[in-house]
Amino acid sequence: MLLSFESHTEFDDKADLAIVYDSKSLQPKVKAIYADIITGIRDGFDSSSVIEVSDGDLHSWFANSVIMLGNYVVREALSANLNLKMVVGAVSWVSETVHGIHITVDPALVFDTVAELVPTVSEVFIILDANSRLLDISNLVTTGKRQGIEVSILLASDIKDAASIYSHLSKRLDAQHAVWIPPGDRFVNKALLSTLLLRSWQSGFAVISSNPSHVSKGALFALSPDYYLMGVRLGELAIKVSENPSMTAKMWPLRDVKLNINQRMANHMGIKIHSDMGEKNSDKSIQLKVQ
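Take the position in the sequence shown, starting the count at 1, then add 2; the result is the number in our numbering.
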């Protein structure tokens with residue numbers, strides 16, 4: 003679908019905020035995610051003058067501020083060089099020309115949680131798709147070092163290659179190690195996950211994931227986005243950008259998350275779960291769920 007954008011600076015009857023996304027391209031599960039984000043945006047922006055442009059068309063709707071959602075819509079908007087106070091969200095990449103929030107959980111939160119839950123871990127292994135750019139490898143290594151954790155990145159070219167890496171790796175790991183299944187992973191299928199989790203149980207290394215469904219199967223924990231709170235942050239950011247148009251553009255990491263912990267695995271590893279892990283502060287929000 004070709005989206006239509008038109009730049010406008012002065013119109014009567016402007017809305018305070020337009021939320022722009024392309025609903026036709028969204029799968030049902032993603033539509034539910036966008037619904038949570040949009041609810042959060044409305045609560046964070048706190049204005050009755052908010053419109054939704056669900057077909058990505060700005061030709062007929064005009065607003066003082068705009069929040070663009072989704073990779074495709076945002077790329078189209080950036081290529082159109084819109085003269086708008088634009089905030090972006092639900093994107094898997096970083097742009098230096100706009101304000102926004104990345105949809106990938108801040109790796110710092112992952113390593114912080116590893117350090118808190120399993121302080122014996124000194125090295126985290128991550129198997130990444132050699133063709134993916136979802137995670138910044140240098141940033142992962144640097145962020146891990148801040149927590150005293152060595153981050154080892156192994157690149158796989160396809161599912162067969164990944165399975166071989168996981169198989170050899172899991173045979174030599176112990177309680178000093180963890181394996182992180184990263185966001186956007188396309189290699190860890192049901193069979194591979196079962197094998198990895200069995201060896202984790204036997205050898206004492208932690209399996210952590212970006213997929214909450216892995217926790218019920220035996221992963222120690224998973225950190226996933228809190229989409230509603232991400233929307234709240236986007237709404238608040240749109241207000242700041244509107245009030246301070248000279249603000250330097252910046253993409254912020256996602257630090258509002260849901261933390262799911264497997265109680266059985268935690269007990270097996272001798273880990274004590276503290277309820278205050280779910281406490282909020284101005285920098286982040288962690289909602290704790292123990293399964």
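Be careful, since some hints might not be right.
Quick list of in silico lysine-lysine cross-link-like pairs, DSS-like style, CA-CA up to 25 Å [to be verified]:
1. Lys219 / Lys147
2. Lys31 / Lys252
3. Lys242 / Lys252
4. Lys274 / Lys219
5. Lys87 / Lys147
If you are wondering where the hints come from, they were derived from the structure by calculation, not from laboratory data. Remember, it's a predicted structure, so these values are computed and weren't measured experimentally.
Tested hints:
1. For the hint linking Lys219 to Lys147, the alpha-carbon distance of about 29 Å lies beyond 25 Å, and the restraint is violated.
2. For the hint pairing Lys31 with Lys252, the CA-to-CA distance comes to about 28 Å; that exceeds 25 Å, so the pair is violated.
3. Restraint check for Lys242 and Lys252: the C-alpha separation of about 12 Å stays at or below 25 Å, so the hint holds.
4. The straight-line distance between the Cα atoms of Lys274 and Lys219 is roughly 20 Å, inside the 25 Å bound, and the hint therefore holds.
5. Distance check on the hinted pair: Lys87 and Lys147 sit about 36 Å apart at the alpha-carbon level, beyond 25 Å; violated.
In this structure, the hints that do not hold are numbers 1, 2, 5, in rising order.
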